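One letter stands for each residue in the lines below.
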Amino acid sequence: MEPLLRAHGLTKRFGPGCPACLESTGAEAGSNRCPHCGTVWACRDVSFVLHREEALGIVGESGSGKSTLVRMLHFDWDSTSGFLEAARIPALAEALPDLYPDGSPWSRNLLALDRFRQRKARDAGMGIVYQHPQLGLRMGVSSGGNIAERLLSAGWRSIGAMRARSASLLERTEIPVSRMDEPPRNFSGGMQQRVQIAKALSGDPPLLLLDEVTTGLDLSVQARVLDLVRALREELKLSMLVVSHDLGVINLLCQRTMVMKNGQVVEAGLTDQILQDPQHGYTQLLVASQLQ
Amino acid sequence: MRARDWATGDVPHSKTFAFLDEGAKKDVRRALLKAVAIPGYQVPYGSREMPLARGWGTGGIQVTLSMLLPEDVVKVIDQGCDGSVNAVNIKKFYGRVGGVGITTDTALATVVQTRHRIPEERMRADQVLVLQVPCPEALREVEPSEAQTRRMHGEADYARMWLHLYEDVVTFGEIRISYRYPCTVNGRFIMDPSPIPRWDVPKLHMADTLFLFGAGRERRIYAVPPHTRVEPLEFDDHRFAVEDFAGKACARCGARDTFLDEVLRPDGTHQFFCSDTGHCDKRMR
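Protein sequences, first through last, are from chains A and B.
In case it helps, the numbering used here puts the first sequence at residues 1 to 292.
In case it helps, the numbering used here puts the second sequence at residues 1 to 285.
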């Protein structure tokens, strides 16, 4: 399998940090907040490689740093330190010609780019679906407009072309095209989530970030959304990073999984292996807590 | 200096030439230089108190005062009209504090200060047009936070402005902005061209004249230097268009190629007149 993205030492810290932080926080210490200086280590030293057409799951309880990780990858939040490099992707190389130093297969550190370039990289390389549709969608703007926003950001200037693209994406995500000019606030939670997926896919990105996409939806709607995500992954050959606290979702979508606790990765491996033979105490607890 | 003296004209001279003290002029001129160097970028400056309420042209007045020379000839217009109260007062003020010449003829003026219009007559390279600006932030329509709009300008993150136009087209079939039409300056910043009608927007593009924009209340100065691209936001399949006055002509001078004001007469009929009164007068002579 070819790698698509590699991250090394991703860290997000809120606070000044102190010499005692290192041993006072993390999974061993059972907290991500340093008792000496009050610094919160939301995400500490996370490294991984994501391959093409692979879905990597991230599980952990709330406060374990999953969403922080996704926000750093999507450039919503600045990271305190760390490297994020993308393999050579035609769309990315086209949007940012200076991203790859002389023929190198790996890009420069995406986290060190300025915000303008990060936005270009985001428009060309990834889409995101948040847990709350309010985060990813403008509730007062038409659904078609929500999808068009990404396209406008990427430099599309033809309304006809954007509407055609929005219509085909909405059709693909099972939203009636006749409701394209309605704002998402008119829609049910499941429909809003599908509009978000359509928006995330608008730029034809190789990478999709899913942050707790099914949390808060009822079971039958969850199943439909997950079905859709699975079908899209096959069809569009997407790589995905799936964040969830629900092991069922991870089991359904992901080949590999990382388990996070208190900002650190405590276990990583094949999903089947982690679910059937968890090594770390916390993972064992997580698997045992699953409702059967 | 008592307020009454300004009204009666008893004050022969202000302490410094052109009212503003030298420190204030320096501040405004520095802002002007930066504004010209970065077309379309809003430069903050310390807007001074003027003998006129903020929002009545104090930004334009400060820009004009800070570059006025005794030999200048000034024209001031308000919505195209040389004779409106606001324009007349500002003109008199310039005459009193700067001793400059006053004209209503665009061709004779060295500096033209205006609110909401650009003169019909094409302006020359040796002239300057100063525009009074109420709301300098073009993105305010889509983003209420100043911190956010500054970030958006800094990163050229204009998708939301474009989305605003997209929604207009989808909802109403056309872009509904009739004045303050947002423009991209020099391929970089989106700029508010002040509340000029769409008719005047093409005059900013690749002009011979220097355009200076002053917002007194919002404390911003920006500029369009001569021969700079000023492109109204438009889509490939929904082009920017100026107002359509086809079949209409000025009831006074008969002009068919000017921006017209519609006037409702007491008997219920409509008439159209040139909005630029100086131009209309010139054609009548």
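These are calculated hints, taken from the structure and not from any lab test.
This one's a predicted model, so the numbers in the text were calculated from it and none came from an experiment.
Please note that the accuracy of each hint is not assured.
To be verified - Here are some, though not all, of the chain B residues that point toward chain A, as calculated from beta-carbon distances under 8 Å:
#, residue
1, M152
2, A156
3, W162
4, Y166
5, D168
6, G173
7, E174
8, I177
9, H227
10, E231
11, F235
12, D237
13, E262
For glycine and all other residues, C-beta sits at the position ideal for the given N, C-alpha and C.
Restraint satisfaction for A156 of chain B [CB to CB of chain A, less than 8 Å]: With a closest approach of 6 Å, the A156 of chain B hint holds.
Restraint satisfaction for F235 of chain B [CB to CB of chain A, less than 8 Å]: holds (5 Å)
Given hint W162 of chain B near chain A, where the shortest CB pair must fall under 8 Å: holds (4 Å)
Closest C-beta approach of G173 of chain B to chain A relative to 8 Å, hint status: Cβ of G173 of chain B sits 11 Å from chain A, so the hint is violated.
Residue hint D168 of chain B, partner chain A, criterion CB-CB below 8 Å: violated (10 Å)
Status of the Y166 of chain B interface restraint (C-beta, 8 Å, chain A): holds (5 Å)
Hint check: 8 Å Cβ-Cβ cutoff, E231 of chain B to chain A: For E231 of chain B, the interface hint is violated, since the closest Cβ of chain A sits about 12 Å away, which is over 8 Å.
Interface restraint verdict for H227 of chain B against chain A (beta-carbon cut-off 8 Å): Check failed: Cβ of H227 of chain B comes no nearer than 25 Å to chain A, outside 8 Å.
Agreement of hint E174 of chain B with chain A interface, Cβ distance less than 8 Å: violated (11 Å)
Satisfaction of the I177 of chain B interface hint, Cβ to chain A closer than 8 Å: violated (16 Å)
Residue hint E262 of chain B, partner chain A, criterion CB-CB below 8 Å: violated (31 Å)
Interface restraint verdict for M152 of chain B against chain A (beta-carbon cut-off 8 Å): violated (10 Å)
Going down the numbered hints, you'll see the structure goes against 1, 5, 6, 7, 8, 9, 10, 13, while the others check out.
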